[in-house]
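Which chain is which? The protein sequence lines are A and B, in order. Mapping to this note's numbering: the first sequence position 92 is 92, numbers consecutive. Mapping to this note's numbering: the second sequence position 30 is 189, numbers consecutive.
Treat the hints as calculated values from the structure; they're not laboratory data. A few of these clues could be false.
In the DSSO-like style, the derived pairs of lysine-lysine whose C-alpha atoms are separated by at most 30 Å in a straight line are [claimed, not checked]: (1) A:Lys78 with A:Lys67; (2) B:Lys252 with A:Lys33; (3) A:Lys109 with A:Lys99; (4) B:Lys245 with B:Lys259; (5) B:Lys245 with A:Lys33; (6) B:Lys352 with A:Lys33; (7) B:Lys259 with A:Lys33; (8) B:Lys259 with A:Lys44; (9) A:Lys53 with A:Lys34; (10) A:Lys44 with B:Lys245; (11) B:Lys245 with A:Lys38; (12) B:Lys352 with A:Lys8; (13) A:Lys118 with A:Lys133; (14) A:Lys44 with B:Lys252; (15) B:Lys259 with A:Lys38; (16) A:Lys118 with A:Lys99.
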Amino acid sequence: MPLNIDWKQILLHLFNFVLLFAILFFLLYRPVKKFMDKRVQYYKDMDDDANKKLADAEELKQTYEEKLSVVDEEIAQKKQDADLLAVKERQEAMDRAEKEAAEIVSRAKVEGEAEKKKIVDGAQAEIVGLVAKAYKKAASDPSAAMDVFLSEANEGKNE
Amino acid sequence: MTKKTKRVLLITFACVLAAILVAAILAPSVEKEETIQEAMSDAVLHESNRISLFGLEVNPGLISAFVITGILFIACLIIRIFVIPKFTLIPNKFQAALEKLVDLFGGVARDNSPHRPNVLSAYIFVAGTYIFFSTIFELFGIQAVTTKGHPISLPAPLSDINGAIAMGCTTYLFIMCGGIVANKMKGLANTLKDFSLPISMSFRLFGALLSGLLVTELVYYVQFLSIGLPVIVGVLFTLLHALIQTYVLIMLASLFYGEATEPHVKKSRKGKKNKQ
Numbered sequence: 001m002p003l004n005i006d007w008k009q010i011l012l013h014l015f016n017f018v019l020l021f022a023i024l025f026f027l028l029y030r031p032v033k034k035f036m037d038k039r040v041q042y043y044k045d046m047d048d049d050a051n052k053k054l055a056d057a058e059e060l061k062q063t064y065e066e067k068l069s070v071v072d073e074e075i076a077q078k079k080q081d082a083d084l085l086a087v088k089e090r091q092e093a094m095d096r097a098e099k100e101a102a103e104i105v106s107r108a109k110v111e112g113e114a115e116k117k118k119i120v121d122g123a124q125a126e127i128v129g130l131v132a133k134a135y136k137k138a139a140s141d142p143s144a145a146m147d148v149f150l151s152e153a154n155e156g157k158n159e
Numbered sequence: 160m161t162k163k164t165k166r167v168l169l170i171t172f173a174c175v176l177a178a179i180l181v182a183a184i185l186a187p188s189v190e191k192e193e194t195i196q197e198a199m200s201d202a203v204l205h206e207s208n209r210i211s212l213f214g215l216e217v218n219p220g221l222i223s224a225f226v227i228t229g230i231l232f233i234a235c236l237i238i239r240i241f242v243i244p245k246f247t248l249i250p251n252k253f254q255a256a257l258e259k260l261v262d263l264f265g266g267v268a269r270d271n272s273p274h275r276p277n278v279l280s281a282y283i284f285v286a287g288t289y290i291f292f293s294t295i296f297e298l299f300g301i302q303a304v305t306t307k308g309h310p311i312s313l314p315a316p317l318s319d320i321n322g323a324i325a326m327g328c329t330t331y332l333f334i335m336c337g338g339i340v341a342n343k344m345k346g347l348a349n350t351l352k353d354f355s356l357p358i359s360m361s362f363r364l365f366g367a368l369l370s371g372l373l374v375t376e377l378v379y380y381v382q383f384l385s386i387g388l389p390v391i392v393g394v395l396f397t398l399l400h401a402l403i404q405t406y407v408l409i410m411l412a413s414l415f416y417g418e419a420t421e422p423h424v425k426k427s428r429k430g431k432k433n434k435q
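Looking at chain A on its own, in the form it has when it is part of the complex (with noise of 0.2 Å):
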């Protein structure tokens, strides 16, 4: 063969780069990939959990937002419950203490009329009393009797 190319002598060299091709492969090459894919997906663990765990958080923030946009909603909501229940009881006190005042007066006019009318008839019956009183002693002794009558009437006057 020219150059002395020998067919023997290439398989033997395919031969040994085929053997060395095995054991940089399997002692070397595979080892030393399997670490660095090994590390590659230990930190695209660690970067996954840490969104995973930032996207809970995210997800619980936003949970939280709505819950507490809620809370305020319910607390606007039961601030204007309470102040129209105020509202309305300082309204029914009111009412309820006009009428009580109503009545009050209502019953104060009647007995004040009562009283009036006992006072009245008091006085009309004293009138009649003195009257009668009078009339008999006027008919017994007019002079007297008009003194009487007069005296009676300056005491009842002062009492």
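Dock chain B against chain A, hints included.
Frame of chain A; chain B shown alone:
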């Protein structure tokens, strides 16, 4: 260590070096067994200096290849047993270097063959490591004895045409297999289209490494040139060659593999009709 001691050691070292140099120049040279023409011709053809491998006469390059495989096997075994189990998430310098090496080839594979980078990454890792170490192997000048009883220093395996052909053809077969797996017959046709690839790859490797070897042979043939100059020659024609040839082969393999494994997209006939 005091300054005085340092000075004494330095002077002693310089004297020993000078003595060795003088002895090397004055010592009678062994008569050369071959002329420069014969040495150069043998570096290319390996017709006279052959080595016995279990009774089979082979080129020295094949022995170099087996020696390199042995050395790499031991190194990998040590790394696998003592280093890799102690890998940590935050790497130390050696771990970082190993990871960088694997990632470097992985990056080349991903860039040039984005559809099927995994197998390519492993292949170019092995091929690159082999080419690099087999090229710098000749720097160490490991000695072997030829069948004629002459001592020779083992050359780079890929400076042997058989080693270069094996490497080129293996790479071509790898690309072809990748093409078939990815695109079936279309992938096969795609690879067969570049039928000159194994030849060009083989002879590129052979030529590049042989040129370095020939220049080194020339330099070492003349005795006075072998003082100091081999350092420069060694760096230029061995270390740079190792890096450049590794880069060239892995880039070629990646590019052609990427092309062969690229998913085949069928052109729709409607589109063609519309264009017409």
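Consistency of the hints with the structure:
| no. | hint | verdict |
| --- | --- | --- |
| 1 | A:Lys78 with A:Lys67 | holds, 16 Å |
| 2 | B:Lys252 with A:Lys33 | holds, 17 Å |
| 3 | A:Lys109 with A:Lys99 | holds, 15 Å |
| 4 | B:Lys245 with B:Lys259 | holds, 17 Å |
| 5 | B:Lys245 with A:Lys33 | holds, 15 Å |
| 6 | B:Lys352 with A:Lys33 | violated, 34 Å |
| 7 | B:Lys259 with A:Lys33 | holds, 10 Å |
| 8 | B:Lys259 with A:Lys44 | holds, 20 Å |
| 9 | A:Lys53 with A:Lys34 | holds, 28 Å |
| 10 | A:Lys44 with B:Lys245 | holds, 22 Å |
| 11 | B:Lys245 with A:Lys38 | holds, 14 Å |
| 12 | B:Lys352 with A:Lys8 | holds, 27 Å |
| 13 | A:Lys118 with A:Lys133 | holds, 21 Å |
| 14 | A:Lys44 with B:Lys252 | holds, 24 Å |
| 15 | B:Lys259 with A:Lys38 | holds, 16 Å |
| 16 | A:Lys118 with A:Lys99 | holds, 28 Å |
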